[in-house]
Amino acid sequence: MADKDKHQKQVPDGSRRNFLKNSGLTVGGLVVGGTIAGLLGANPENNNQGVKNSETTSQGYKNPNEALMFFTPAQYQTTQAATERIFPKDEIGPGAKELNVAIYIDHQLASPWGINAKNYMLGPFYEPAPTQGPQLRILRKDMFRLGLQGLDDYSQKKYQKVFTELEAEEQDEVLVDFEEGEAFQLTAGLSTSVFFTILKTLTIEGVYADPMYGGNKEMQGWKMRNYPGTRMSYAQEIVEEKFVKLNPESLRSHMGQ
Amino acid sequence: MSKKLPKVPVVIVGMGWAGGIIASELTKAGIEVVGLERGKERQVKDFLMVHDELRYQHREDLMQDLSKETITSRNNGKMKALPMREYGTFIVGDGTGGAGTHWNGQTYRFLPYDFEIKTMTEKRYGPNKIKPGYTIQDWGITYDEMEPYYDKFEKMAGISGETVELYGPRKNPYPTGPMVKTPIMEDFEKATKNLGYTPYVMPSGNLSEPYTNPDGISRAACQYCAYCENFGCEYGAKADPIVTVIPVAKQTGKLDLRTHSNVTKIINDGKKASGVIYVNTITGEEFEQPADVVVIASYVFNNVRFLLNSGLGKPYDPTTGTGSVGKNYCYQVTAGSSILFFNDKQFNLYGGAGALGIEIPEFTGDNFDHTDVNFIHGAGIRVTQYGNRPIANNTVPKGTPSWGAEFKKQSIKYANSSFPVKIQGASMPHEQNYLDIDPTYKDAYGVPLLRMTFDYTDQDKELVSYMVKVTRKIAEEIGADHIESIETQGEFNVNKDSNTHNTGGVIMGADPETSAVNTYLQMWDAPNVFVVGSSAFPHNSCFNPTGTLGALSYRAAEGIQTYLKTGEPLV
Ligand SMILES: Cc1cc2nc3c(=O)[nH]c(=O)nc-3n(C[C@H](O)[C@H](O)[C@H](O)COP(=O)(O)OP(=O)(O)OC[C@H]3O[C@@H](n4cnc5c(N)ncnc54)[C@H](O)[C@@H]3O)c2cc1C
Ligand code: SF4
Chain A
51 MADKDKHQKQ
61 VPDGSRRNFL
71 KNSGLTVGGL
81 VVGGTIAGLL
91 GANPENNNQG
101 VKNSETTSQG
111 YKNPNEALMF
121 FTPAQYQTTQ
131 AATERIFPKD
141 EIGPGAKELN
151 VAIYIDHQLA
161 SPWGINAKNY
171 MLGPFYEPAP
181 TQGPQLRILR
191 KDMFRLGLQG
201 LDDYSQKKYQ
211 KVFTELEAEE
221 QDEVLVDFEE
231 GEAFQLTAGL
241 STSVFFTILK
251 TLTIEGVYAD
261 PMYGGNKEMQ
271 GWKMRNYPGT
281 RMSYAQEIVE
291 EKFVKLNPES
301 LRSHMGQ
Chain B
449 MSKKLPKVPV
459 VIVGMGWAGG
469 IIASELTKAG
479 IEVVGLERGK
489 ERQVKDFLMV
499 HDELRYQHRE
509 DLMQDLSKET
519 ITSRNNGKMK
529 ALPMREYGTF
539 IVGDGTGGAG
549 THWNGQTYRF
559 LPYDFEIKTM
569 TEKRYGPNKI
579 KPGYTIQDWG
589 ITYDEMEPYY
599 DKFEKMAGIS
609 GETVELYGPR
619 KNPYPTGPMV
629 KTPIMEDFEK
639 ATKNLGYTPY
649 VMPSGNLSEP
659 YTNPDGISRA
669 ACQYCAYCEN
679 FGCEYGAKAD
689 PIVTVIPVAK
699 QTGKLDLRTH
709 SNVTKIINDG
719 KKASGVIYVN
729 TITGEEFEQP
739 ADVVVIASYV
749 FNNVRFLLNS
759 GLGKPYDPTT
769 GTGSVGKNYC
779 YQVTAGSSIL
789 FFNDKQFNLY
799 GGAGALGIEI
809 PEFTGDNFDH
819 TDVNFIHGAG
829 IRVTQYGNRP
839 IANNTVPKGT
849 PSWGAEFKKQ
859 SIKYANSSFP
869 VKIQGASMPH
879 EQNYLDIDPT
889 YKDAYGVPLL
899 RMTFDYTDQD
909 KELVSYMVKV
919 TRKIAEEIGA
929 DHIESIETQG
939 EFNVNKDSNT
949 HNTGGVIMGA
959 DPETSAVNTY
969 LQMWDAPNVF
979 VVGSSAFPHN
989 SCFNPTGTLG
999 ALSYRAAEGI
1009 QTYLKTGEPL
1019 V
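Those protein sequence lines, which keep their order, are chains A and B.
If you count the first sequence from 1, position 154 lands on 204 in this note's numbering, and the numbers rise without skipping.
If you count the second sequence from 1, position 259 lands on 707 in this note's numbering, and the numbers rise without skipping.
Since the hints were derived computationally from the structure, they do not count as laboratory data.
Even for Gly, the Cβ is constructed at its ideal location relative to N, Cα and C.
Among the clues, some could well be false.
As the list claims (entries may be wrong) - For the chain B half of the interface with chain A, some residues (derived, Cβ under 10 Å), not all of them:
| id | residue |
| --- | --- |
| 1 | 512 |
| 2 | 665 |
| 3 | 669 |
| 4 | 672 |
Kindly produce the complete structure, drawing on both the sequences and the hints.
And the structure:
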């Protein structure tokens, strides 16, 4: 209790606006251009709203989960760009970027999964035969950071630009080279293809995992493929000859209210 | 130093189906039992938020924590075995219920042929049909002797199904009727009937109707909720030790169930065990639990590992073929499927159940003539509907890139418009496929890991090449816009192949020279040790193993009761 009180005194008004003001990032109530909102790729017109603590404005509630717990803003943007090439927006529906896949990945890398908590990590480590599964000492969070850095380094070498500045086709070229894993190594013994595989898997997970994990925004990943989410029973539908389209429900609906 | 606890009549290591059945049978008979389980206590109320594909299927929430313990694997004796560092193939259970919580519930009996496989194969095809190197042997028991135990398991679990003429005779029908037939199952039914086969609805541990078992346990009917394989059932509809045998054992007041108790060793003098050593995984305290009878029910891998690390039984030696602990490790084959793709048909594939499917018996066991083929045994050929969860199911036609615009388009197009005709094929034992102790790697408690040396044999591969023609024929008879077949069984890959039907290593038999346990799963070398599980199978059949494992657990429970009275070997 005592600790909590102390904490509250230090930040008398927990709003983002006040925090930003106190930390010197705001001038007259506006976020200094390019510091935070700008780096996250937000529409500059929305900056004002952000500063005005949009969570309580008439604009409605904004998802507090759309915030970073692992990436730097630049890493976030590179992840957005790369995942969008893996699962692009098209006439069927949104792509990885709109679905918040990069938010999902950020949260996963900050989770126990990012530090390989449930993997056997004792040595020694040897080069495996293809049938023996990965034998990597490096943690997923570190590999991902190296992978993102690698995307920029390789893009610089090939096109003299960072990954996010490339045209879509150029980004695809870079990703193909990463997938093949022949062009260069992220670090001694670490193929780019290992990183690419994780990136690809995480993208699919971010499109289709329950929205509580941060991706699959508004269940749009599910809607695209007529997946009804996590309903409790399909006893009726399963025997129907015709396809039965249902509105998806997420685990939120299991909370009872 | 370990703290020595008061002696008990029976200690059981592992609280899955095998441990749970033994616990319930013994405690009902008034015997005091201590149950040691390394994982946590689990109940149905844990599953309110279970419809979470990421957490349960892709982050393996219910499964063994590999940071504590894993196996090492290699494809042959010349390779260096390396640890399975992350999940792929085997998703071993952890916590009360074991893998019986996250299993599918497909509950078969093995065939009369299985139990007398060597005798019957030689009788029909002559002594040379079984090729050199294949350590195929009879089980020391017949189907007729197994029948009452199967019956007991099926009644306890409430198995839903229909009688199949081509299989072993049943004294009683299944306790509940078969599961529903979905349109894709009806397509398979029609096509296989056209081809002259006799399809049947897969026997299921997901209840087709509400059921009360002989122990008085009532369970609800399956809702086809699609979060079944890899998940616990929030309705208690799926047969699971935590909703059947474990509560029954607890109710007697005779079960002392200790979770977070990781057993590291069986204390023994080579002829008899006096108890086990375990560590409380939360406090780190070490205990010695003395017992008159030690039951090892910790799944195939640890059953073998315990015996080898504790110096019980004779280790199998692949160079001489002598010894039995670690021998006849088998798996199953699953390549050979044919996938149907439809352009303008959508099915309600989002719904399903772990044991919802339809199958033909004509290619199982010795139900077809093997004279002109280079393999024995067979496969169940089937269509299943488990519920296509979206992270795991993104089937695209061959040639489609694995990412990008085209992948997105095709994977969404076929999300509800594609299904396979699959096989589940038997796997025969070979002298070079075995389990022993890894010389290098250890678990979190400093105990050496188990090493698996395994690859598919020529026999396994021939079987797949034959069965793929059958799945293809059926797929074509169903008819689709596009059909693709997986023609060959490649090398065994510890992170790709998917099935947790491991068998062997502590095999049963009639002869102490060629088996480790008798048909009560009592060790020949140490009569107060019973090793229970599919580790007892001398080979793996073309059916899911748990029906047979459950039946053998009932038989072992009977044997333990007799042994407690007589103190003698049962055979
Ligand atoms: C996803 C999946 C689907 C399956 N589907 C089917 C199916 O449809 N049909 C079928 O027949 N079979 C199926 N199986 C196989 C089935 O689950 C197993 O055959 C069965 O559950 C094994 O029971 P068991 O009691 O021998 O072992 P387990 O259920 O594995 O129980 C062993 C227990 O021992 C504990 N243990 C291990 N080591 C120690 C130790 N050192 N100290 C203390 N405790 C320990 C474990 O934590 C575990 O709880 C499936 C398996 C999986 C993983
Ligand atoms: S499919 Fe049926 S048995 Fe399986 S978890 Fe759902 S309701 Fe339970």
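- Item | Structure-inconsistent hints, enumerated in ascending order | 2
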